[in-house]
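Put chain Y on the given structure of chain G with help from the hints.
Chain residues, written in single-letter form:
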Amino acid sequence: MREVFADALLIAAKDLRIEARSRVLVNQVAPFALLVLVLFGFALDADQRTLRTFAPGLLWVAVLLASLLAVQRSTSLEHADGAHTGLRLSGMAPSSVFLGKAAAVFVQLAVLEVLLVVGIVVLYGSTVEDPLLLVVSGLAAGVSVAATGTLYGALASGLGVRETLLPILLLPVLAPVLIGATRAFDDALGAAAVDGWAWLGLLVVFGLVATVLGALAHGALIED
Amino acid sequence: MPGGDGPRGSVGDAVPRRQGRGEVSVHRYRDGVSVVELRGAVVLLGRFPALAGLDLSVDVGETVLLQGPNGAGKTTLLMLCAGLVRPADGEVRVLGHDLTVERREVRRRVALLRHGTGLYEDLTAAENIRFWARAAGLGESEATSRAASAVGLLGLDDRLLGRPVHALSAGQRRRTSLASLAVRRPDLWLLDEPHAGLDQVGRDAVDSLIRDAVSAGATVLVASHELERVRSLSPRVVTVAAGVVVRDSGRGGGTTRPACTPEAATGEAADA
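Going down the list, the sequences are from chains G and Y. Positions in the first sequence are counted from 1; adding 57 to them yields this note's numbering. Positions in the second sequence are counted from 1; adding 1097 to them yields this note's numbering.
Treat the hints with care, as some may be off.
Unchecked claim - Across the chosen pairs, the derived CB separations fall in these ranges:
| # | chain 1 | residue 1 | chain 2 | residue 2 | range |
| --- | --- | --- | --- | --- | --- |
| 1 | G | 192 | Y | 1298 | 53 to 61 Å |
| 2 | Y | 1185 | G | 228 | 31 to 39 Å |
| 3 | Y | 1145 | G | 175 | 36 to 44 Å |
| 4 | Y | 1167 | G | 225 | 33 to 41 Å |
| 5 | Y | 1264 | G | 60 | 56 to 64 Å |
| 6 | Y | 1145 | G | 216 | 18 to 26 Å |
| 7 | G | 179 | Y | 1167 | 53 to 61 Å |
| 8 | G | 252 | Y | 1264 | 51 to 59 Å |
| 9 | Y | 1264 | G | 179 | 37 to 45 Å |
| 10 | G | 133 | Y | 1313 | 34 to 42 Å |
To be verified - Listed next, the stretches of chain Y that the computed footprint assigns to chain G, with coverage defined by at least 3 CB atoms under 8 Å from CB atoms of chain G:
| # | stretch |
| --- | --- |
| 11 | 1184-1195 |
| 12 | 1220-1234 |
As the list claims (entries may be wrong) - Stretch by stretch, here's where chain Y covers chain G in the computed footprint (C-beta under 8 Å, at least three residues):
| # | stretch |
| --- | --- |
| 13 | 72-79 |
| 14 | 127-138 |
| 15 | 191-204 |
To be clear, the hints were calculated from the coordinates, so they are not data collected in a lab. For glycine and all other residues, C-beta sits at the position ideal for the given N, C-alpha and C.
Chain G extracted, bound-state conformation (with noise of 0.2 Å):
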């Protein structure tokens, strides 16, 4: 078990390096998701109220989109020059290079949570009534599309449609945590008056399925 912890720590650190030098996040994923929340803001018609009481579906829809951008990514830097045969000849187990990928894309989607926090803030005029709440429930979601995000990232892989097919596969299965994580934020930044904490339950269950079942289907999705 320790093995594999360290071989999950070993592939994250190459990822998020990776992420450093050549900064897509920086420089692609966080602009377009700002860019989709200034977005739903011209088709709201900028109306602060509406805009605040929407303020967390809106958040987490753009998540949800720049995900895909983060996962194809992540999958894509394996299969770009054939790397993905050489972790597959490493000895490596499966569960260690799943959990290093996803964790590495859970801190990219972290970051931009951040981002986007900010850009509710400063964009619609939301104010964070309960930041526990807001980052518990942030980080549980997070969880949740990182490591669906990889295990679909390398089920799309394996069908050789990467591109084209990962959204369709991967937004519906992402549902739940859309309506959980909005609802935890509901309750986190004002916006309606329900039990976000509940919701909350919702998205660590949701992220310890995901997380459980991503480390023992990798192996065989990642098989020719």
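Structure of chain Y alone, referenced to chain G:
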């Protein structure tokens, strides 16, 4: 038995040797037992038989040149030996393991060079080599030591090692890729066109790598169209056509299984 002597000990010694991945493995094969033993191996790519009942036996320390026309099955044969494709039929044993059930045991002990370099474009050459050493389960100091050795063998200088891979030429990438494989010190090298895209210095470095591996007791299978170059490294030439072996010169270089099919003739013509 060629190549039986060297740092890894003779084949029959069953000498424990550190393999990476935190374990010590013991050579399970013995004198008279082949590193690669294929009998009637069939591999299907979709419904197409890329290997159609192929027989091949390779002993420890041998260097074998695989030749044949494009689409003959050479690359599929290398991928089968690496445990990357499943045999649909036949008996397939590599490094003493049955590939239908023990693929992971084989994978960690082979190095496969394909057309893709397996490198990460945004990491430097040095970072790539080091990553693959760590991915093989080597500790920090062992990874550093082996990386230095591989870098020296492939003639990679410090200036080149500090560059991101996307800034390297095709030949420099190829040598970096070989260095990232060499750090694993595999028991079986599977090389698909290793001289492709290399200048004279790079080609000489590849030849040195192969000689070094064989002198250390490893076994090498090379698929190449550069026959004269590889023949200087290997007295044994195996011709593959239409997914079967149609000619095997044998270990001494003399033909033991002459061409007897139209495919063999096609292979010879293509390679001429």
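Structure-based check of all given hints:
For residue 192/G and residue 1298/Y, the Cβ-Cβ distance of about 56 Å falls inside the hinted range of 53 to 61 Å, so the restraint holds. One distance hint, 31 to 39 Å for the beta-carbon pair residue 1185/Y and residue 228/G, holds here, with the actual separation near 37 Å. At roughly 55 Å, the beta-carbon separation of residue 1145/Y and residue 175/G lies outside the given 36 to 44 Å, and the hint is violated. The given range of 33 to 41 Å is respected by residue 1167/Y and residue 225/G, whose C-beta atoms sit roughly 36 Å from each other.
Between residue 1264/Y and residue 60/G the Cβ separation comes to about 34 Å, which falls outside the hinted range of 56 to 64 Å. Range check, residue 1145/Y to residue 216/G: Cβ separation about 19 Å, and the 18 to 26 Å hint holds. For the pair residue 179/G and residue 1167/Y, the beta carbons lie near 59 Å from each other, so the given range of 53 to 61 Å is met. Between residue 252/G and residue 1264/Y the beta carbon distance is about 54 Å. The supplied range of 51 to 59 Å therefore holds.
Taking the beta carbon of each, residue 1264/Y and residue 179/G are about 39 Å apart, inside 37 to 45 Å as hinted. As the Cβ distance of residue 133/G to residue 1313/Y is approximately 36 Å, the hint placing it in 34 to 42 Å holds. Residue count for the stretch 1184-1195 of chain Y with a Cβ under 8 Å from a Cβ of chain G: 0. That is fewer than the three needed, and the coverage hint is violated. Here the stretch 1220-1234 of chain Y counts 8 residues with a CB under 8 Å from a CB of chain G, which clears the bar of 3, and the coverage holds.
Three residues within the 8 Å Cβ limit are the bar, and the stretch 72-79 of chain G against chain Y gives 4, so the coverage statement holds. Counting residues of the stretch 127-138 of chain G whose CB falls under 8 Å from any CB of chain Y gives 3; the rule of at least 3 is met. Restraint check on the stretch 191-204 of chain G versus chain Y: 0 residues with Cβ-Cβ distances below 8 Å, three needed, restraint violated.
In terms of the numbered hints stated before, the structure departs from hints 3, 5, 11, 15, listed from lowest to highest.
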